[in-house]
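Asks: Make the full structure from the sequences, and use the hints.
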Amino acid sequence: MLEPGSIPAALLGGAVIGVAAVAMLALNGRILGVSGLVAGIIAPHSSERGLRALFLAGMLAGGVVVGKILPGALPGAITSNALWLIVAGLLVGFGTRLGGGCTSGHGVCGLSRLSPRSLTATMVFMAVAMITVFVTRHVIGGIP
Amino acid sequence: MRALSFFFVGMLFAIGLGISGMTQPTKVIGFLDVAGAWDPALMFVMGSAVVIGFFGYRHVLRRPAPLFAGRFDVPTRSDIDAKLFGGAALFGMGWGLAGFCPGPALVALASGSLDVVIFVVAMFVGFLARDLVGRPAAPAAAARA
Numbered sequence: 001m002l003e004p005g006s007i008p009a010a011l012l013g014g015a016v017i018g019v020a021a022v023a024m025l026a027l028n029g030r031i032l033g034v035s036g037l038v039a040g041i042i043a044p045h046s047s048e049r050g051l052r053a054l055f056l057a058g059m060l061a062g063g064v065v066v067g068k069i070l071p072g073a074l075p076g077a078i079t080s081n082a083l084w085l086i087v088a089g090l091l092v093g094f095g096t097r098l099g100g101g102c103t104s105g106h107g108v109c110g111l112s113r114l115s116p117r118s119l120t121a122t123m124v125f126m127a128v129a130m131i132t133v134f135v136t137r138h139v140i141g142g143i144p
Numbered sequence: 001m002r003a004l005s006f007f008f009v010g011m012l013f014a015i016g017l018g019i020s021g022m023t024q025p026t027k028v029i030g031f032l033d034v035a036g037a038w039d040p041a042l043m044f045v046m047g048s049a050v051v052i053g054f055f056g057y058r059h060v061l062r063r064p065a066p067l068f069a070g071r072f073d074v075p076t077r078s079d080i081d082a083k084l085f086g087g088a089a090l091f092g093m094g095w096g097l098a099g100f101c102p103g104p105a106l107v108a109l110a111s112g113s114l115d116v117v118i119f120v121v122a123m124f125v126g127f128l129a130r131d132l133v134g135r136p137a138a139p140a141a142a143a144r145a
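Note that the protein sequences, when read in sequence, are chains A and B.
Quick note on numbering: the first sequence equals residues 1 to 144 in this note's numbering.
Quick note on numbering: the second sequence equals residues 1 to 145 in this note's numbering.
FYI, nobody ran anything at the bench for these hints, they're computed from the structure.
Note that this is a predicted model, so its numbers are computed, not measured.
A hint or two may mislead.
With the Cβ distance kept under 7 Å, some of the chain A side facing chain B (calculated, not the full set) [unchecked claim]:
#, residue
1, 55
2, 80
3, 103
4, 104
5, 108
6, 129
7, 142
FRET-style restraints, in silico, Cβ to Cβ [unchecked claim]:
#, chain 1, residue 1, chain 2, residue 2, range
8, B, 55, A, 50, 25 to 35 Å
9, A, 68, B, 76, 39 to 49 Å
10, B, 65, A, 83, 41 to 51 Å
11, A, 2, B, 80, 37 to 47 Å
12, B, 132, A, 144, 26 to 36 Å
By construction, the Cβ of each residue, glycine as well, lies at the ideal position given by its N, Cα and C atoms.
Replies: What follows is the structure, encoded as structure tokens:
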């Protein structure tokens, strides 16, 4: 059985992610960027809200499938500290919209297109995330 | 067919995220913790996704048009501005705090955890806050990323 989080699982999961990104381009001609696609469901200036909502519905259905076939893959959140989760969620939401993408749009699709913007964004968010983990784990000693 | 394709691509993508380990915040933090007991496994997620994406995109973009749309609609900007830096930095901070980026957080809703719901609601408030404050110069371009 494939252990979620192992290197073989990472390679296989990454391949499935890559296939989904290529399928989005081949079928609909667009980039598979989660933050942009999903934010556009509620954004004031947006288009194709229905298609975006269907994409989100597909992701939620995929989550249910994952929960059924890979029980260890969905352990929930890292903390129950609501304030911590709210601050993190706000930063992720605002930051991905300001920067024009997240791990999927910039990280996977942008790097696949060799986009200099996406390469820059990916290096910045990876570096800042590593610094943030360093501070929370090794300077303040964990999530309060 | 077009509508169905959005649903099924979303579903396939979510299953890939679940298999990959990206929906386990402890795993993500372990990958980001380069000064501690660094867990490199998640590097292989992006590695394998980008290899498939790189060759797949080249192959697909040789076609005249996508199957269910009139034309390919990929970003064309190449300028690197302060918003890109600032946005990526804020996102990185949030990712490092919670171990969730947008896709995996949505997949993790299926865990039934209220903590995940709190994160996702805050994330949507963050999306909306940015989209209310700044109308992007090219709305279509921003919607894609």
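Asks: Hints numbered earlier in the text: which of these fail when held up against the supplied structure?
Replies: 7
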